[in-house]
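Number of protein chains: 2
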Amino acid sequence: MTGIKRHFENVTVLGTGVLGSQIAYQTAYSGFPVTAWDISDERLDTAKNSLEQLAAIYEQEVDGAAGGPARAALARIDYTTDLAEAARYADLVIECVTEKLALKREVYVQLGRVAPQGTIFASNSSMLLPSELADSTGRPDRFLAMHFANQIWKHNTAEIMGHAGTDPDIYQAVVGFARQIGMEPIEVHKEQRGYVLNSLLTPWMDAAEYLLMDGVAEPATIDKTWRIASGMPQGPCEVMDMIGLATIYNVNTVSGNEKSRAAGAWLKQHYIDQGKLGRTSGEGFYKYTDQRATGEAG
Amino acid sequence: MTGIKRHFENVTVLGTGVLGSQIAYQTAYSGFPVTAWDISDERLDTAKNSLEQLAAIYEQEVDGAAGGPARAALARIDYTTDLAEAARYADLVIECVTEKLALKREVYVQLGRVAPQGTIFASNSSMLLPSELADSTGRPDRFLAMHFANQIWKHNTAEIMGHAGTDPDIYQAVVGFARQIGMEPIEVHKEQRGYVLNSLLTPWMDAAEYLLMDGVAEPATIDKTWRIASGMPQGPCEVMDMIGLATIYNVNTVSGNEKSRAAGAWLKQHYIDQGKLGRTSGEGFYKYTDQRATGEAG
Chain S
21 MTGIKRHFEN
31 VTVLGTGVLG
41 SQIAYQTAYS
51 GFPVTAWDIS
61 DERLDTAKNS
71 LEQLAAIYEQ
81 EVDGAAGGPA
91 RAALARIDYT
101 TDLAEAARYA
111 DLVIECVTEK
121 LALKREVYVQ
131 LGRVAPQGTI
141 FASNSSMLLP
151 SELADSTGRP
161 DRFLAMHFAN
171 QIWKHNTAEI
181 MGHAGTDPDI
191 YQAVVGFARQ
201 IGMEPIEVHK
211 EQRGYVLNSL
221 LTPWMDAAEY
231 LLMDGVAEPA
241 TIDKTWRIAS
251 GMPQGPCEVM
261 DMIGLATIYN
271 VNTVSGNEKS
281 RAAGAWLKQH
291 YIDQGKLGRT
301 SGEGFYKYTD
311 QRATGEAG
Chain Z
21 MTGIKRHFEN
31 VTVLGTGVLG
41 SQIAYQTAYS
51 GFPVTAWDIS
61 DERLDTAKNS
71 LEQLAAIYEQ
81 EVDGAAGGPA
91 RAALARIDYT
101 TDLAEAARYA
111 DLVIECVTEK
121 LALKREVYVQ
131 LGRVAPQGTI
141 FASNSSMLLP
151 SELADSTGRP
161 DRFLAMHFAN
171 QIWKHNTAEI
181 MGHAGTDPDI
191 YQAVVGFARQ
201 IGMEPIEVHK
211 EQRGYVLNSL
221 LTPWMDAAEY
231 LLMDGVAEPA
241 TIDKTWRIAS
251 GMPQGPCEVM
261 DMIGLATIYN
271 VNTVSGNEKS
281 RAAGAWLKQH
291 YIDQGKLGRT
301 SGEGFYKYTD
311 QRATGEAG
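Residue numbers (my numbering), protein chains in the order written: chain S, 21 to 318; chain Z, 21 to 318.
Where hints are given, some of them may not hold.
No more than 20 Å apart at the CA atoms, straight line, and that leaves these computed lysine to aspartate or glutamate pairs for EDC-like [to be verified]: (1) K244(Z) to E207(S); (2) K174(S) to E79(S); (3) K174(Z) to E81(Z); (4) K210(S) to E29(Z); (5) K210(S) to D234(Z); (6) K244(S) to E207(Z).
No lab work stands behind these hints: they were computed from the structure.
Work out the full structure, taking the sequences as your base and the hints as a guide.
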């Protein structure tokens, strides 16, 4: 193998939304210099705020983060709106741009022009396949997907999935990087929409939607049944409220399964159109007065 | 409402397999006199052994069971192979006969002849619908399903599901009884094959089978992904090994979903035909040297 750095020195994160901010922070917290790129100074200001909040969360929730390390991570992050500058020294670029195929492809075309030849690109896309983006990167062999979960400091999986043209050594180098930033690498051997986690979550949440739509049981009953049987702290309706019902609806609408699309329409009519979007709106399947479910069906 | 006892005095359990024994014991442990019926003295001898073992498990695992109560429960259980004797004083008969439609119907025909008119019948069937059995009971209004989970002392759900002709007062009386024996009653409002729990579990386990069959990920990877993301102590492959792969296969083969049936055929070829049946056979998706998964994929 030639030309593949086994240890990355500089990491760049494109896009500073919820996941992008968490990935940038976790990478910096793990000791890497990080460059955070976004399209405007306004967005970067928002990102700086988010990263400050993440440092406070780590101080509270992550062992060893208080008393210096959480703050020190912030000092390892640079910010820029200049893509060429962002890419100049990057060994790895993690792309967390909005989940739109055409937009991501455009970003990869531009990135491919300005990044050094050796730079590896990894997409955090939830729903797209690497093969749908690979040719736009100009370096398909150095391109793959690395998908993180929300609340990266607690749910520390990195699902790593190449396309047919990904260099196996590049794949393994990214697996090694995932370990270095404290992730449990999940090696996905073939392209699979939804990777491992969403491939399991989606039919499980669909099944709960069907029980609701068909009038078989209430949200609180469904959740209680699952919690008692599984030992999992939350049932599927609680999880859907947390993810957000608009996201659930979006996934339903692109499903190849007719019943799943019908469930999406049902969800829109009974919840989304009434402003019940889940935790963030204060009501979904449950009403939320604070950060916890009241147990009262919405 | 007339003729419905709100408090049951005597409970009979038909069939003393894994679940029948647990239901008989839990009911006796909750203070009810219980009659356990099975078709032969040999089966009843086996049942007595199982119930002794359950008393030992309760002494270890159930708060307050040690030092008397667990043993006292055994003394509240009578045994008989005579159906008329088993039914004579029963307010409630819980049927836990082998999961075959024709057999269950035959038992209900005989039971309906010998049981007092007021006796309520509840079926613990996992897969059948009450409407498929109701007419054989001779008292469809006093018939419903009450479905328990394995390891009843830990997974204390009782899914209660009537058919269209079940008397709502009977339904509520059985809900009340479930609470009296320490169960969390799960009120299932409409007939649903698989109730709530299996309606959620089946597509979730199917999804894991698809990932395996399609070569996307290994059992240990799938389970790890789910455990980290969900906080549940087990992933789907661990759960399938616990349930037993022959049972998973049986559920696959009767699925209306073509891919689920294909997964069943795959499971048979790669596991069942090789004697890998899950925990009970010492190997399934994992190898078991003791009571725990080694984490080594089978």
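- prompt: Can the restraint linking K210(S) and E29(Z) be considered satisfied, given a maximum Cα separation of 20 Å?
  reply: Measuring from Cα to Cα gives roughly 59 Å; hence the hint is violated.
message: So if I understand the rule, the pair passes when the alpha-carbon distance is 20 Å or less; does K244(S) with E207(Z) pass?
response: Since the Cα atoms of K244(S) and E207(Z) sit roughly 11 Å apart, the hinted pair holds (cutoff 20 Å).
task: For the pair we were handed, K244(Z) and E207(S), check the Cα-Cα distance against 20 Å.
output: At roughly 11 Å apart (the allowed maximum being 20 Å), E207(S) and K244(Z) satisfy the hint.
- request: For the pair we were handed, K174(Z) and E81(Z), check the Cα-Cα distance against 20 Å.
  value: Roughly 9 Å separates the two Cα atoms, so the pair holds.
message: Check the hint pairing K210(S) with D234(Z) against an upper bound of 20 Å on the C-alpha distance.
response: Answer holds: K210(S) to D234(Z) is near 8 Å, not above 20 Å.
query: Has the given pair, K174(S) with E79(S), been kept, meaning a C-alpha gap of at most 20 Å?
result: holds (13 Å)
Of the numbered hints given earlier, the model fails hint 4 alone.
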